[in-house]
Amino acid sequence: MLLCKAKVLRVEKLAIDCFSLLLEEKNLATGSLPGHFLHIRVGEGPAPFLRRPFSIAGTSPGEGFLQIIFRLRGAGTRILSRACPGDMLDCLGPLGNGFRPRENCKISVLLGGGVGVAPLLFLARRLKEVRERVVLYYGVSRGLEKIPVQNFLPPGVEINLATEDGSGGFAGLVTDLHRSHLQRGLRPEEVFACGPRPMMQRVAGMYRDKKVDMQFSFEERMACGVGACHGCPIEIKVGDSDTVFKRVCRDGPVFNPYEVVW
Amino acid sequence: MIDLGTRLGPLKLKTPFMAASGTFGFGEEFASLMDLRDLGAIVINGLTLMPRKGNPPPRIVETPAGMLNAIGLQNPGLDVFLSRELPRLQKSQVKLIANIAGDTEEEYVILARELCTAGDVLIAIELNVSCPNVQRGGIFFGTTPSTLSSLVEKVRRVCTLPLIVKLTPNVTDITEIARAAEDGGADILSLVNTFQGMVIDTVSRRPFLGNKIGGLSGPAMRPLAVRLVYETYASVEIPLIGMGGIEALDDALQFFMAGAAAVAIGSASFSDPLTILRLTGELKNYLQRMNLPSLEGIIGVAHG
Ligand SMILES: Cc1cc2nc3c(=O)[nH]c(=O)nc-3n(C[C@H](O)[C@H](O)[C@H](O)COP(=O)(O)OP(=O)(O)OC[C@H]3O[C@@H](n4cnc5c(N)ncnc54)[C@H](O)[C@@H]3O)c2cc1C
Ligand SMILES: Cc1cc2nc3c(=O)[nH]c(=O)nc-3n(C[C@H](O)[C@H](O)[C@H](O)COP(=O)(O)O)c2cc1C
Ligand code: FES
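Protein chains in written order, with the numbering used here: chain A, 9 to 270; chain B, 180 to 483.
Please note: incorrect hints may appear among the correct ones.
[To be verified] Calculated cross-link-like contacts (lysine-lysine; reagent style BS3-like; alpha-carbon spacing at most 27 Å):
no., chain 1, residue 1, chain 2, residue 2
1, A, K34, A, K13
2, A, K21, A, K34
3, A, K245, B, K391
4, A, K218, A, K114
5, A, K245, B, K191
6, A, K218, A, K136
7, A, K219, A, K245
8, A, K13, B, K463
9, B, K191, B, K463
If you're looking for bench data, these hints aren't it; they were derived computationally from the structure.
If we strip away everything but chain A, and leave its shape as in the complex, we get (with noise of 0.2 Å):
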C-alpha cells in the first residue's frame, strides 16, 4: 500500500458521463493486480471530506502508467472530471485483495454491468495470456452509456455486449443474454462479476447448482479504505445460520457470492 501522488497524464471522455483517467505512477501501476481499487483524494480543502475508492480498470507496468474508469455521481467525480494532464493527485493505493483466477482452467466468463466492466478489462487483459477462452458480458441500460471496451481489450476477448434499450447488441438484460448462451452450452469453469447488486444477484442466482468458481466485486461507503474504521461491511454467512460484517476494503472487495448476504 502507497501514499503517492500520480500523475494525471490523459482524461478522455468514454461515453456520456463516463470518464477515463490514464494516471503515471511507476509502484502503483507495478504493485496493482485486477480488483485492486485506488483511494483518490478529489480536493485540497475539506470538500470532498472523503476519499473516492476505485476499481484500476488496467495498467502497464512497463511504462508505469495505470489506468481508472468513472462515471459521474456527484460532486467528486465531477472534479475529477475536470482534472487536466500534470495535475498530481493523491492515491492512496492498490488496496484490497483483488480476484484469484483458478490455477487450471480453459474458460473464463466475465460480467460487467454500467461503469462495473472496469475492473473486469483490467482482468480479462491477464486472464487472455493464460485461458482458451475469455468471454466477457458488458451490460448497460441505454447504448449511450456504453464505453468502447474493445479499445480496453487484447485482440481474442469476446464481447458480448446487452443493451436495455436495444440500442446495440442483445436487447434487454446481460443476464438474459449469458443465460441464454448456457442454454447453448456454455460452460465456464470460473465467473467473474461487478455491477449493480440487482444484476450481481441474478448472475449468482443462476449457477447455484453448478459447480463454478464465483468471485464477484461488492462496493459500499468508505473512509479509510484500510481496514481501519470499519465503515464498509458486508455481512458474510458463517456456518448455517450465523454472519458476520467483514470489511469491503480490506476482506473484499472480491467475494465469494455464496457467502454472501444479499
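Given the coordinates of chain A, work out where chain B with the ligands should sit on it, guided by the hints.
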C-alpha cells in the same frame, strides 16, 4: 531545544498528538505508511467484553465538511483481543490506549482490570461513555452525572493505569458531567465524541444510515468542540484531551489555547493518513518561531 512532550497528570506523552478511537484501527492498518512510534499515542478502536457485530450498512455518509458514522462498536471482544491482537501489538513498541465500552458497570470493571495487566504496550484506559451508536450502555453512562461518577469510581478501584473518561457533547451541560467524572476519580478527560445527527435519503424517504442515527465528526463540529473544551477547562482541575475536526495546526492550536494539553485526530486521517505526523512537524516549527520551549506556554491561554 524544543520539547514536544506533554504531561497529562500521570500520563506522559512524547508528542501532544494522538489518533482518536475508531479511526486508526489497532494502528497496524497504517503501519506501512509511517513509523507509529512517532505518534503521541494511538487510542485503539472501542473494545467490549463480548464480540460486537456492529450496525447494518450503510454505516457512513459524507456531510458538509464532515461525516456521520454509525459503526456500532464492531470489535472481536476482550478475549480475542487479548489472545490474538495484543501479542502482535506488544512487539511494536507503539503507545496504545484502550477505549472500552460496556453495557453494565461490571463489564467496564472487568475490561479495565484485564487490560491494566495485559502488557506494557497499553499506557492508559479510556472509558467510552459517549458512543451514540449503540442501544445500551455507552452514552447512557455519559449523560447522567450520578451514574457516571459511580461508574468511574468502580473502575478507578481496579484501574492501575491512567484513567481517561471520554465525554459526549450530547448533553445540556458538559461541565456538570465533567465534574462528575473528576469526582469519580478520572485522571484525564477527553472531549468530545461525535454529535448525534441524521441524513435522510430523499429518494427512499428513509434515514440513510442503517442505524438511522449517526455521529457527526470532522471540521463541521470543530467550533462546537472548541467551546466545550474551553468551558470544561474552566470547571475542572484535571487535564484535557481535545478533539473534533482537527485538520491543520491552527485547529490544534485552538484546542491547546482553549485548555487541552493534548489533542486527538480522528476523521482527518481518512483523507490524509499522515495528518498527525504533519501536525507534529508544524507544531515544532511554530514553537520555535514563537520562542516557546514547550507547549505549556500556550495551554489555556485563551482564558486570559
Ligand atoms: C471498491 C470500489 C470500486 C469502485 N470502482 C469504481 C469504478 O471503477 N468506477 C466508478 O465509476 N465507480 C466506482 N466505484 C464507485 C465510486 O466510488 C463512486 O461512484 C464515487 O465515490 C462517487 O463519488 P461522488 O462524489 O461523485 O458521488 P456522491 O454521491 O456525491 O458521493 C458521496 C459519498 O458517497 C460515496 N459513494 C457514492 N456512491 C458510491 C458507490 N457506488 N460506492 C461507494 N461509495 C459511494 C462517495 O465515495 C462519497 O463518500 C467504486 C466503489 C468501490 C467501493
Ligand atoms: C468511524 C468512526 C468511529 C469511531 N469510533 C469510536 C469508538 O469506538 N470509540 C470512541 O470513543 N470514539 C469513536 N469515534 C469518535 C472519535 O474518536 C472522535 O471523538 C470524533 O470522531 C471527533 O474527532 P474528529 O472530528 O477528529 O473525527 C469514532 C469516530 C469515527 C469517525
Ligand atoms: S473503509 Fe474503513 S474499514 Fe473499510
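The hints, checked one at a time:
no., hint, result
1, K34(A) x K13(A), "11 Å, holds"
2, K21(A) x K34(A), "24 Å, holds"
3, K245(A) x K391(B), "24 Å, holds"
4, K218(A) x K114(A), "17 Å, holds"
5, K245(A) x K191(B), "45 Å, violated"
6, K218(A) x K136(A), "24 Å, holds"
7, K219(A) x K245(A), "19 Å, holds"
8, K13(A) x K463(B), "26 Å, holds"
9, K191(B) x K463(B), "18 Å, holds"
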